[in-house]
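Need the complex rebuilt from these two chains, each delivered in its own frame; the hints are there to steer you.
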Amino acid sequence: MKKNIFIISAITGIIFMGCHKASTTPGSVDFVTLEQSVINDFVNNVAIGQYSKLTDAAVSLNGAITTLNSTTTDANLLVTQTAWKNIRHVWEQCEGFLIGPVEANDYDPNIDTWPTDYTQMDSLLASSNDLELADIQSLPQSLRGFHPIEYIIFGENGARKANELDARKKQYLVSLAADLLYNNVQPLYQSWTAAPVNYGETVLKAGNGSNEYATRLDFFLDVVGENGMSGICGEVGSGKMKEPFDSKDPKLCESPYSGNTSIDFRDNIIGLQSVYLGLSGGKGLKDLVAAKNKNLDNQIQRQITAAINSFSNITDPFEKAIIDQRVQVQQTMSQLETLQSLLENDLTVFLQENMKD
Amino acid sequence: MKKLYIIIAIGFFVGSFSMCHKADVFPDNGYDERLSGGAATVFDVSSKAFTNMIEGLDGRNAIVHEMGDAAFERTFVAPPSPVFTGLGPIFNNISCVNCHRNDGEGIPTAGFSNSGLLMRISQPGTDTHGGPLAIPGFGAQIQDQSVFGAKPEANIDISYTDVQVTYPDGSVTVLRKPTYTLKNPYIPLTTGYMLSPRLAPPLVGMGLLEKVTESTILSFVDADDKNDDGITGKANYVYNPYTKQTEIGRFGLKANTSTLAVQIATAYQQDMGVTSYVQTEESAFGQEQLNIVTGDVQPELPDTILNHVIFYVKTLAVPARRNVTDENIKQGALLFNQVNCSGCHRPTMQTGVDITLSQISSQRIHPYTDLLLHDMGDGLADSRPDYLATGREWRTQPLWGIGLLQKTTGTPYYLHDGRARTAEEAILWHDGEAKKSKEQFMQLSKAERDKVLNFLQSL
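The listed protein sequences derive, respectively, from chains A and B. Each residue of the first sequence is one higher than the last, beginning at 1 in my numbering. Each residue of the second sequence is one higher than the last, beginning at 1 in my numbering.
Heads up, some of the hints might be wrong.
[Unchecked claim] The calculated BS3-like cross-link candidates involving lysine-lysine, where the alpha carbons are at most 30 Å apart (straight line), are: (1) Lys251(A) with Lys169(A); (2) Lys170(A) with Lys151(B); (3) Lys183(B) with Lys226(B); (4) Lys205(A) with Lys330(B); (5) Lys85(A) with Lys161(A); (6) Lys283(A) with Lys356(A); (7) Lys170(A) with Lys251(A); (8) Lys435(B) with Lys446(B); (9) Lys170(A) with Lys85(A); (10) Lys226(B) with Lys438(B); (11) Lys356(A) with Lys330(B); (12) Lys151(B) with Lys169(A).
[What the hints assert, rightly or not] With the C-beta cut set under 8 Å, the calculated list includes, among others, these residues of chain B facing chain A: (13) Ser113; (14) Asp303; (15) Gly410.
These are computed hints drawn from the structure, not numbers from a lab. Since this is a predicted model, take the numbers as computed values, not measurements. Glycine is no exception: its CB is placed at the ideal position from the N, C-alpha and C atoms.
Pulled out of the complex, with its shape left as it was, chain B reads as follows (with noise of 0.2 Å):
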C-alpha cells in the first residue's frame, strides 16, 4: 500500500513538472545575445561580414565551401567557351556577386553591369502548378540585358516621386515612391500584364532558415487573429520543379521557393541564363531568340559546381550583433517589441535538426523574421499573385545583418525594391498588417524612435 502512495506521489511530481513544457525555445538568461545564428555566428564588422564561412568546417567541407565561393564570383560567358559557358542569350546580370554585393543585396537599378533589380512578370490567372502563369515570349521574369545577337526582352524604367510624411510630432520624412515601366519590349507585349520588382536580398542565414521546421514556421500563424494585435500571417505553398512536390515556401520576396537548391538553380536560369539539373531549361525557352547561340552543351552548369555553390550559401555564417549592453540599444530593443514589430519580425526561433552540419542544427537564432506572408498595404502591393501569396502580401524580411549593409553594400537599400533609403523610410512604407506598428511607432517620440533604429543598427 505505502509503495502504491509512493508511485502516485512520484507519479504526480514528474507529471507537474511535464506540465510545465512547452515546445518552445529556452528562455534568454544564458544565452550570448550576440550570436544571431547561434554556432553560424561569426565576429566581423568589415565589408566582408555576410563572405564568412561557419565555424569548424572539416576539411572536406571547407575545400567544397571554396570551391562554392570560388563558383560565385565567376563571371559567365556567351557559349561556346571552354570555361564558365552558358550565359544567356538573355539574362539580368552575368555573376552571382555582380548583384549580390559582397554576399549582400543589390543596388535598385536594371540593366546596368551593377544592377541587382530585376522584374517578375505574368498575367491573371495561375499555372498547372497554381504558381503565376507566364507571358508567352517572355516567361515569367523579365531579362532585360542579352549576348550579342539577341534582343533584351525589354528595358525597365524606373522613377520615383516623392511622399511626404509627417509624424504626430511634426517632424516629416521624405519617402519615394517609385514606378516602374517597361520599354522597349522584342516583341508586342499585350496589355494587362502584372509586374512584381525584386531587389536582391543579402545572402545572411539561408542555410538556418532552410532549417527551421515546417511546424515552428506554422506555429507562428495566427489565421482568426486570435491575440487581437492585427497580424495573422499566411505560409506560402509552393512547387519544387526538382523534387515535383509542393513544398512550404521559404526563400524569396514572397517565399516563394521551398529549398536553397531551387534558390539558386533559378537564379542561375533566369538571372543569368545558365541552366543546370534542377532548372533545365532555358529562360528564353519557346523564343525565337534561343538558337541565336550555337555549340551549347545542356545542362550548362556542372552538376558539382551547382552542389558547391548550394553548399557555400548554407554554410555562410551570420554576423553577430554589436553593441548589446549599450543602454540605448537595449531600450531600442524594448520598444521593437512594445510596438509589436517582433509579430512579425520574430526574434527568436530554434532551427531543426541537420545530421551533416552541427553548426546549424538545433541551433537557437535571431533571424527577426517569421518566414510566414502578411498583408503590407496598398503602398508596398505589387498586385501580382505569387502562389498562395496575394499581391499585397510580402514574406517578412529577416533583419539580422540589417546593421551592416552600409558596409557591405556601400549605399544601403531597404524593402523588396529598394526604394526605402533609410530604416526609417522603410517602416513608414509598412501597412496592412503592421499599420497598428507603424502607428505606434509614429507615436513615439523622436528620442524613441533613434532608439529603435539604433537597436535595427546593431543587428
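One chain only, chain A, in its complex shape (with noise of 0.2 Å):
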C-alpha cells in the first residue's frame, strides 16, 4: 500500500514538471524583447504612422479648401467633401488609441467637439465679426473643427452647392482649415516626434525611466484601457450608437451633414484593430498575446474582425438606420459589448498576469 502512495505522487510529480516550461515564464527573456518591440512598433509604425498621415490629409485639406476658396465651383467643392472625408477616415482610426497629447494637449476637443454650435455658428457668420485665424482660434471648441468644417461644406442635408458659399462662409472654411492644420495637426504629430513634449520618446522609455510609465503593463494598461482600445469601443458601442438608437434621434449622430456616421464608427474599431495587430508589417499586442495563449489571441481577432464587418449589414446612413434597420444596428451594439468585454477583461487580465515589468 505504501508503494502504491509513493508511485502515485512520484507520477504526480512528474506530471507536475511536464506542466513546467522554462520558455513561457512571466517576465522571460524572450517575452521582455517581444514587449519592447510591440512598443517600438506602436510608436513608429502606429502612433507616429497614424499621425503622420493625419497631417498629410490635414495639408489636402487644406490646399482643397484653398483652392475652392478662389475657384469656387462645384467640382472643387467635390473634392474638399472627398478631403474632408479622408482626414475623417484617418483621424477616427487614430482615435484607437487616444493616449497622451491628443488629450493632455486638447486637440481632439479642439479639432473633434461634437455637436456644433450652429445657432452660434449662424450668428457669426451673419455678423461683421472678422473671421481670421486669430479670431477663429479663440472660439468656442463647438465653433472649431471638423464639424463646423462639415457642417459648411456638405449643408445641413448634404445638398451643398458651391454658388451658397459666399464670402463670409469662405473666409470662415479657410480659417477652420488653417486652425485645423497648424494649431492642432501639426503640433500633435510633433508632440510624438520632437520635443519639448516627445510622447514617442516617453513610450519607448516604459519602464525604463518613462516619466509618464513606471512599468511596460502600465503602458499596455494604457493602451488597451479606457484611453485605448477598450475605451474608443465602448464610446462607439455604448455611446455614440447607443444614444440616438434609443432615442432614435438621428440630431444625436454624430456627423448628419457628410451621413459619414456609420464610416467614422467602423473606422474607431478599424483604429483599435491596428493597435491589436500594428501596422506596416510591424509587431503588435497580437504577438504577445499569441505567444502565450493563441487561443484568446483567436477570439479577439475574429471578434474585432466581426465587429468591423456588421457595420456593412447597416447599409442605411446611420441617421436612417436607428428607425428603420434597429435590427442590424442593435446587432453591431452587440458586437462591440462581446468585444469590449473582451477586451476589458480577458485581455487587461492577460497583461497583468503575464508581464512584471
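Here is the structure:
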C-alpha cells in the first residue's frame, strides 16, 4: 500500500514537472524583448505613422479649401468634401489610441467637439466679426474643427452647392482649415516626434525611466484601457451608437451633414484593430497574446473582425438606420459589447498576469 | 442571594466593557490601508483613475451612472438647438469635463477653452440667507465668456510674482504669488468689490464625503483649542436653495455648498449658464443681456439628466493608494502625523448609512480632510467671506488622489487657485492654524521632507 502511495506521488510529481516550461515563464527574456518590440512598432508604425498620415490629410484638406476659396466650383467643392471624408477616415482611426498629448493638450476637443453650435455659427456668419485665423482659434470648441467645416461644405442635408458659399462662409472655412492644420494636427504630430513633449520617446522608455509609464505594463494597460482600445469600443457601442438608437433621434448622430456617421464608427474600430495587430508589418499586441495564449488571440482577432464586418449590414445612413434598421444596429452594438468585454476582462487580465515589468 | 451576586457580577462585567466603547472608527490593523474609499475604492493608476464607477453597481444603477458619464462630457450649445441646448448667454466653459479634466482638476487659466479657474465676486455685507452679497449686474461669479451677441462680464488677468522661501537647512524653494485683475467689465464696475479665485477641484470621493455625518464633522471641531495644537476648525452652515434650509457645508473650496445636487446644479447654472429644477435662474438674471438669446425653454437641463449627473458623481470610485509597504512612504506617513498635518487632513473616518448604495454606506475611508474651515493666514486669504467662512478661512482640501494629479491633469496644480506647482509649494503656503505644522515641516531634514512628499504621492 505504501508503495502505491509512493508511485502515485512520483507520477503526480512527473505530471506537474511536465507542465513547467522554462520558455514561457512570466518576464522571461524573450517575452520582454517581444514587449519592447511591440512598443517600438506601436510608436513608430501606429502612433507616429497614423499622425503623419493625419498631417498629410490636413494638408490636402487645407489645400482643397484654399482652391475652393479662389475657384468656387461644384467640382472643387466635391474635391473638398472628399478631402474632408479622407481626413475623417484617418482621424477616426487615430481615435483607437487616445493616449498622451492628443487629450492632454486638447487636440481632440479642439478639432472634434460635437455637437456643433450652429445657432452661434449662423449668428457669427451673419455678423461682420472678423473671421481670420486669430479670431477663429479663440472661439469655443463647438465652433472649431471638423464638424463646423462639415456643416459648411455639406450643408444641412448634404446638398450644398458651390454657389451657396458666400465670402464669409469661405473665409470661415479657410480659417477653420488653417486652425485644424497649424494649431492642432501639426503640433499633435510634433508632440510625438520632437521636444519638448516627445511622447514617442516617453512611450519607448516605458518601464525604463519614462515619467509617464513606470512599467511597460502601465503602458499596455493604458493603450488597452479607457484611453485606448476598450475606451473607443465603449464610446462607439454604448455611446455614439446607443444614444441616438435609444432615443430614435437622428439629431444625436455624430456626422449628420455628410452622412458619414457609420463610416466614422467603423474607422474607430479599425483604429483599435491597428493597435492590436500592428501596422506596416510591425509587431502588435497580438504577438504578445499569441505567444502565450493562442486561443485568446484567436478570439480577439475574430471578434474585432466580426465587429468591423457587422457595420456592412447597416446599409442605410446611420441617421436613418436607427429608425429603419434597428435589428442590424442592435447586432453591431452587441458585437461591440462582446469585444469590449474581451478587451476589458480577458486581455487586461492576460497582460496583468504575464507582464511583470 | 447567590443569584443576585451573579447578576451584579455580570452587570459589572458588561458595564466594564461598554465603558471601553467610544463612538469612533475601528483601529487600523485588520484593514487594507490601500482602500482609501473603503468598498468604493478602485485600483487604477492611469490618467482615467478618477473616472471609474464604484464596483458592484447593479444593472439599473450602472446604466444611470453611464448616462451621467455621457452627460458629464456633453458640450452645451447656444439655444435654440435640438440637442444639449442652454449654454450662456454668459458662461465660464461649455462642458463639465473642460474644467474637470478626466474628472480631476482644472488648469489655472481663465477665458480659454481649457480654462478651469473662475472668479467669485461680491460686495461687503450678506444676502438674506447670510451668503455673499451679489453685485448688481454681475451676480456672485464673473462669467468671462459669452455666446455670440452677448459680452463676457469681464476678463480675468492673472499674473505671478516669485516669492523665495528659505528652509532652516539653507535650501530654497520659489513660490509664485498670484495677482488677479478684472479687465474690460461689460458695464462700469464700482470699486470696493471682493474677488475669490477658485480652481475646479477633482471629483474624487464626493459621494462618500456627502455621507460623512454632521456629528462626525462637528466632532473634529476644537473651538477652544483644548489640545493646544493651534488648530480649532469651524463648520460652515450654508443655505440650500432647493430645500430652502440652512445646512452644514461640505463642498466647494469654502464649504459653501451642502449637497452634491446643489453643487452640480450650481455649476451648470453659474459655470455654463444652464438652468435646472434646482437652480432655476440664469446666471445672467438681472442683466440686460439675459434676453439676447431667444427661443429658450426653461429649465434648460432636463431633470433626468441632472439626476443622472448627480448619481454619476456620487458613484465615482476613489483610487487606491500605491506603495503602502514601501519603508520610505511608511516613514513619510509617520512624519505627516508627527508634524500634525493630520490635525486638519484627518486620515480616517467613517461614513454614515446610505440605504441605497452599500458601497458608500458605513465605509471606513481615508479622505485626509475634516471638512472644516480653518484660518490659513494672510498669504492664502481671499478676503471675501462666504457664509461663516471668513476671508482667511478655507475648507481642508481632501488629499485622496493627490498623487495621481500628474496623470489625470498632465500638469498638477495645488491649492484653491492652483498657484502651487508642487505639493511642497502648497505646504509652504500654509499659515494661520497650519503655521506650526508648516514650521515643523521646514525643520525636517531634506530626506525627511522628501519622505513626506513621497507619502503624499502615494495617496
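We went through each hint and held it up to the structure:
1. Lys251(A) with Lys169(A): Satisfied, since the Cα-Cα distance of roughly 23 Å is no more than 30 Å.
2. Lys170(A) with Lys151(B): With Cα atoms ~26 Å apart, Lys170(A) and Lys151(B) stay inside 30 Å; holds.
3. Lys183(B) with Lys226(B): violated (47 Å)
4. Lys205(A) with Lys330(B): holds (29 Å)
5. Lys85(A) with Lys161(A): Since the Cα atoms of Lys85(A) and Lys161(A) sit roughly 17 Å apart, the hinted pair holds (cutoff 30 Å).
6. Lys283(A) with Lys356(A): OK: Lys283(A) and Lys356(A) at ~20 Å, within 30 Å.
7. Lys170(A) with Lys251(A): The given pair, whose Cα atoms are some 25 Å apart, holds under the 30 Å limit.
8. Lys435(B) with Lys446(B): Distance ~19 Å between Lys435(B) and Lys446(B) Cα, so the pair holds.
9. Lys170(A) with Lys85(A): Measuring from Cα to Cα gives roughly 18 Å; hence the hint holds.
10. Lys226(B) with Lys438(B): Distance of about 20 Å is within 30 Å: holds.
11. Lys356(A) with Lys330(B): holds (24 Å)
12. Lys151(B) with Lys169(A): Roughly 23 Å between the alpha carbons, so the hint for Lys151(B) and Lys169(A) holds.
13. Ser113: This interface hint holds because 5 Å falls under the 8 Å limit.
14. Asp303: violated (16 Å)
15. Gly410: With Cβ-Cβ at 4 Å, under 8 Å, it holds.
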